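Participant: Residues per chain are reported as follows:
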Amino acid sequence: MMMNTDMSWWKDNHLADRPRVRWFGFLRRSIKLSENIPQKLSVPSIILSVPQHVSPSDDNSLSSPISLMISFPLSIPGNLISGQTQLDDCVCGSVGLAGILLKEEPSGLKTSKRTKPGLLLQTSEDSLHKDEQEISLNKRLAYLLQTPADVLLSQIGPLEWPHDLFNYQIEGIKTLLSKDALLLADDMGLGKTIQAIGALRILYLQSRIESSLLIVPASLVGQWRKEIHSWAPELRVSTVHGTTAERTWQWSTPAHIYLTSYETFRSDCTDHLQSPPRRREWGVVILDEAQKIKNQEVEISRKCKLLRRQRAWALTGTPLENREDDLASILEFVTALKDGESAPRLKPGVELREIHKSLQLRRKKQDVLPQLPPKIVSQLFLSMNSTQRDYYERAEKEGIIQLKESGESVRIENILALIMKLKQICNFCPIGGASVKFEDVFERLNILVSEGYRALIFSQFTDPEYGAHAIASRLEDYNPLLFTGDLSPIQRDSVIRIFKENRDHKVLILSLRAGGQGLNLQDASYVFHFDRWWNPAVELQAESRAHRLGQTVPVHVYKYVIENTIEERIEKILGEKQLLFDELVDSVSIDLKSKLSGEELFGLFGLTPPERLKSEKRRSDLSGNYSEMNGVEFEEHVQKLLEVKKWRVETTPLTRDGGIDLVARRCDDVGVEVTLCIQCKNHAAPVGVEVIRALNGALPKDVAGVRGVVVCPSGFTNDAITFARDRGIALWDRHHLFELY
Amino acid sequence: MSIPYRDADELNDLGIAGYLKIQPLQETSGYLAALFLINARGEPIEFTYNRIETPNTFLWRQDDIRRHATRKLTASILSLCPKMPRLILCLAEEIGSELFTQDIQVSVPVCRISPAIKAISYSTIEIQDKIETGDPMNLFWYPGKPQDDSIEVKLLHELTGRGLITEPFERALIGLREVYPDKCK
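Sequence order for the protein chains is A and B.
Per numbering that gives the first Met the number 0, the very first residue in the first sequence carries number 0; after that it's consecutive.
Per numbering that gives the first Met the number 0, the very first residue in the second sequence carries number 0; after that it's consecutive.
These are calculated hints, taken from the structure and not from any lab test.
Heads up, some of the hints might be wrong.
To be verified - Chain B regions said to be covered by chain A (calculated; three or more residues, Cβ under 8 Å): (1) 40-46; (2) 100-112; (3) 159-169.
Since the structure is predicted, the reported quantities are computational estimates derived from the model, not experimental observations.
Glycine included, each C-beta is placed from N, C-alpha and C at the ideal position.
With the rest of the complex left out, here is chain A:
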């Protein structure tokens, strides 16, 4: 850029020239001013405004106008009298616009005559307040003179877009641009990712943000990175993952977008204000698959809401699964949060529904994408063969007997465990491995593969007896690929890439948890739900991996139900909840009366729940008198508590355990496996910092998803608490253990 440091690049060639007066005499000849200027008529020199450059920090510059002023005693129009010129009209100047960050709500423009580009929704109340404030001229101009969103979104505009954007996507991007807070709840497959990236790109190009944070499921990090590279190639992305040292560097490296997974974010975001994600106020924070923060109480939910942010966008195809509380938690995030503020606490009710209405943008596939091929869903009711049936019935009877024998001590968890066991038997018979479902899948694959189609098979189980591995081992003819939660992010990317690139792989078998969200798998057009999930929204998510933008052929979905089994009974509940889901999301009316209750669960087996489950908080007989336990007993006690909570717990050798007594693993609310390395200390006095230090030293370094926990009923010293907080180590005292009951 060349600076106009001297005037040598231009000059005025006719400084002395002035207009000539027209002569209306009888001869109608013109009179040159220079020759025949009437005695009392003159055209003075033009008075130039004083040149003044307005720096970004200045409001504007005031100076006299340029005016062709005339002074003569004749009656002249008022606008020619210099004295009548209002000073505040006399503005000239030059405004530097590069590098001005437009953090203010643009709708606060006080004097703008221009409708904001893309403004679809009503301005927020906040922005109306800002209307009352004077915004400096340079900022007003900097905003108004940005390339309009319409132009930026055009295929022939300044930005190159890899593909044409659909109209609804353009509207979505404009809405994101105009809203500080938005819950983008489009149907799955409509391109929420593209819309978010498009809006981010425009925000950067319009200098409206400096930084953004994208938190996505671990399995989708690679896909987001690719999409950003494709849809916003000029933006720099720092993907935060890996070892602590790598992450430290990644958080501090200059970038437009910081992309990380929920679990990495959870470990890097601590209560410390200087933890990397909390160091700055983000221009935008985007949560993909925002249903992961549906639980207000879980750590990830709390931490996401701690982030200071000018804009908060949540993306999800399933904003409401089946609890109004889910929505409340997500909407608590969907709000701008400035320094010193705390996230609002929302409660179910009319107000929540109103907020939901105002913050949600939801479009359905059938409304915006009539050209998308249809999805044909078929429920296949199958009957087990005699061997499988015999085994199933025996297992169910035994289970019911055990439940009855448990009497008043029976717990919801016992019911769930029995359901799980029966569902597994519905998949594969433990003796001989017979499976009516697999036989049907195999027959259908024979046909569809011969026709050139490919399939996705979802199962909630991954094990080699009943789940994804069992299916894969029996489908070797089709060169299957496996996508399960135990794969690293790199391995997951690799599996998806191979499936897309190599059509020799006819089948991709996915665990519902790991592969049910965010993946683009339009290469397959057949979807099998090998077993059923409690939540219909989760199944819908999985189906949308294939039935989405880019799909060119009809998608066939097969859901298996084994007749006269727990699956059929569950199917009935699923059907009811599917109706509820449609009603909730589409009419935004929230009534969760039909929430699954203890009565319903026990009712699956013709049982009624014990009285205490109806009215009291569940407590097991696991509560213990800690003073009477020795170290080993205390470890066993903690182990039992965790196992009740579905943790898979292993004990370490009594010696050379490196300070770790128990290793507990489970898939948490985020859907990824979390490992707890637990040190149990049944001390009479609070545990000091040295125990925490020892555990910290024993924790495996640079392994994602691993967290240290020290358990001591007597509590912890202040030093220990500070040390543990800074290192992300959890401390469980008597109260926490009580919560585990």
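Mind docking chain B on chain A? Use the hints.
Facilitator: For chain B alone, coordinates are given in the frame of chain A:
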């Protein structure tokens, strides 16, 4: 501090283009003018503006007034603008050929633009060119069209390819309306 975009060097090397906009006020009472500088990506860099009041009387020929006002406004704006563009673009229907061929001399190429379907007068010393992509446009270069491999032509091609050949004039008018709200009712 803003973070540089990826692969932005090439675009940055093209420099900035200046869009000279002159807008007559209602009832021929004066003119508003702006020089709007943008980079090859269309991002605004500088906005320089001024206005002039003209006598609304039969004593002067309007063409003379217009020419004089345009010259004075342009001179003032060029003196105000702290940055020098690679080239200046203006609309032929707003700015006559005499402004840059006779009245004001600039050391950067000036390109007057006109839709191909419009009849526009031009000087014989201007070099005529055209753009055929998108909406066809006639271009009138002075003092001459830069070499095809020159940065100025690359910049023009970049702007054309990005749909920025005439759109920034609309933004410049928006800027003028913001600066002079009472004059642009």
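Participant: Next step is simple, just say for each hint if it's right about the structure.
Facilitator: Now for the hints, and whether the structure bears them out:
no.	hint	result
1	40-46	holds (count 7)
2	100-112	holds (count 7)
3	159-169	holds (count 4)
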